[in-house]
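Read top to bottom, the protein sequences are chains L and V. Taking our numbering, the leading residue of the first sequence gets 748, the next gets one more, and so forth. Taking our numbering, the leading residue of the second sequence gets 516, the next gets one more, and so forth.
Source of the hints: derived by calculation from the structure; they are not laboratory data. Don't take every hint at face value.
[What the hints assert, rightly or not] Mimicking DSS-like on lysine-lysine, the simulated pairs with C-alpha atoms at most 25 Å apart in a straight line are:
1) Lys-584/V / Lys-573/V
2) Lys-564/V / Lys-583/V
3) Lys-564/V / Lys-584/V
4) Lys-564/V / Lys-804/L
5) Lys-583/V / Lys-573/V
6) Lys-748/L / Lys-564/V
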Amino acid sequence: KAGVTQTPRYLIKTRGQQVTLSCSPISGHRSVSWYQQTPGQGLQFLFEYFSETQRNKGNFPGRFSGRQFSNSRSEMNVSTLELGDSALYLCASRLSQENYNEQFFGPGTRLTVL
Amino acid sequence: AQSVTQLGSHVSVSEGALVLLRCNYSSSVPPYLFWYVQYPNQGLQLLLKYTTGATLVKGINGFEAEFKKSETSFHLTKPSAHMSDAAEYFCAVIRLGTGFQKLVFGTGTRLLVSP
Chain L
748 KAGVTQTPRY LIKTRGQQVT LSCSPISGHR SVSWYQQTPG QGLQFLFEYF
798 SETQRNKGNF PGRFSGRQFS NSRSEMNVST LELGDSALYL CASRLSQENY
848 NEQFFGPGTR LTVL
Chain V
516 AQSVTQLGSH VSVSEGALVL LRCNYSSSVP PYLFWYVQYP NQGLQLLLKY
566 TTGATLVKGI NGFEAEFKKS ETSFHLTKPS AHMSDAAEYF CAVIRLGTGF
616 QKLVFGTGTR LLVSP
């Protein structure tokens, strides 16, 4: 079974632009979470989606948004990019939203903002 | 609020030596605890997890961790380091809510293995 895939793997943007990152979960997984990883702040939770609905959101400004499609694929969007948005963005999928079940991580998208 | 603290941003060992990476947690409820490994330019891979039951947890690649409630610790160990163990390791605790879960990570420990 294929793992979590994220596209693109690398991205370079300039300040003020917007960007969309994509995540395809493991087949059959219905929940997708996003995390941001930076040297200064470490790994931080962005949001979780299940059944096309945002279930939980981390402490990030409104410039960070996401959505989930009916096939469970998810996208996250960052508008008006700032230098501090340079990070590795990790997506993770899990089977369902019931109780605890293991999250599986993708390889990430490395975003560089110039 | 649940959180984890990793002691030491870098740990250096020689190949064949004991690996010990420290993690302490703070939680008002019985925690679910995890260790993840991240190799360069890759995502996170689950090494092992503690949810309930046996406090000594064995994971992949010869790693194990022991949940010690009295010490609020979940340290990661491996008897003999291998060059391929060089990576960054993250301890994490999970926050569970109605219909959601999120991982709260420590700051990470980079393990360096010398020949």
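Evaluated hints:
no., hint, result
1, Lys-584/V / Lys-573/V, "17 Å, holds"
2, Lys-564/V / Lys-583/V, "14 Å, holds"
3, Lys-564/V / Lys-584/V, "15 Å, holds"
4, Lys-564/V / Lys-804/L, "24 Å, holds"
5, Lys-583/V / Lys-573/V, "15 Å, holds"
6, Lys-748/L / Lys-564/V, "22 Å, holds"
Hint violations for this structure: none, all hints satisfied.
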